[in-house]
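Here the sequence shown stands for residues 1 to 334, where the numbers follow our numbering.
Keep in mind that the hints were calculated from the coordinates and are not lab data. Treat each hint with caution, since some may be false.
To be verified - Derived DMTMM-like pairs: lysine to aspartate or glutamate, alpha-carbon spacing no greater than 20 Å straight-line: (1) 24 - 7; (2) 24 - 164; (3) 2 - 242; (4) 24 - 35; (5) 322 - 282; (6) 24 - 4; (7) 322 - 298.
Model, not experiment: these values are computed from the prediction.
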Amino acid sequence: MKRELVELLAAHEGAGIDPGTARKQLLGALARRFDATAAVTCSFVDVDGVGCVAEPISLTATGPQTDLRAWQGVELAAAFGDHQLGADRNELTLGGSFAILDAEAVSSAPALAWLAHRHGAHSGLRLHATSGTMSSGFIGLFRGTGRPPFSNRDLRAARQIQGDVSTLMSRFAQASDEEQLHNDVVVVTNTRGEVVNYSHGAAQWLSRPRVIAGLAENARVFLSRGEQRCSWLFERTNLRFDRLDANGEHAVITARPVPYARLSPLSELTPAQRRVAVMGAEGASVNEIARALSRSRETVREHLAAVYRRLGVRCRVELARKLGRVATVLAVEH
């Protein structure tokens, strides 16, 4: 297995294999090695600790009370029983034995575990990969009905290769930076989530299915709320939404790239926690945050407590100092 990982790294760097293809090859190798029914990789995840961690996934029938959609609403339509994922979900079936989903935008490992359970998985194994304090990604391996659960032997085997997996995921994350938006662009969408116009330089960025789906969902949410302006973080990009017409049928989205380094320590938070953290650092009250994000005050307080715990701060002043310039860039505007 280690030799296969080394060869994959050499092929990625020497032959110039694109990050998406390389990730799928990595998942294929891991799925074969661990006899997995489904394998999933995610680039943006809710990660505890540092280093590459191999551990069992707890699959529960109830699952967390969270939005079980990829980044800002792209639903993960993974059918673990028959592997019907669809071409727009970057599905790959190898030998008819397991399915691979390259779901870069998944925001929460517990949410993914819940989704896996809902589609028939009864045992899971995950590897969290980080570089320094930055998340390099998450790999989930799942077994469905008819397969034995992952054993302690499987866990030990995963831990033996976790260093190589962490290196690969880190390299893939760096290579993915080239796919990100590099200059400001403007996109116009309607209430149906359709892109009706865009500025020069946005075509390649908009060619990625998850970007289109993410923009569409965010635009629908924004227009349905009746707000005049707001900003969200999506795909390492700061999106500013402005209402284009009085009847609220179109939104103008100004997309501004945010360098990956500027996202730390926000990269250690879930999407919901990021929005609460940014508004909290800007001085918004719990009531103001709750109204802006359409959440209860109790939920906002829970998110703030999680933010303080994850970032190692004790108050709003320390939070603002911790986030620094990031807070001014990603502030929610109203």
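Going down the list of hints, with the structure as the test:
1. Restraint check for residue 24 and residue 7: satisfied, since their Cα atoms lie roughly 14 Å apart, inside the 20 Å limit.
2. Pair hint residue 24 plus residue 164 holds up; C-alpha atoms about 16 Å apart against a cutoff of 20 Å.
3. Proposed proximity of residue 2 and residue 242 is contradicted: the alpha carbons are some 50 Å apart, above 20 Å.
4. Under the criterion of a C-alpha separation no larger than 20 Å, the hint pairing residue 24 with residue 35 is consistent with the structure, at around 16 Å.
5. Pair hint residue 322 plus residue 282 holds up; C-alpha atoms about 12 Å apart against a cutoff of 20 Å.
6. Restraint check for residue 24 and residue 4: satisfied, since their Cα atoms lie roughly 14 Å apart, inside the 20 Å limit.
7. Our distance criterion of 20 Å between C-alpha atoms is broken by residue 322 and residue 298, whose separation comes to about 24 Å.
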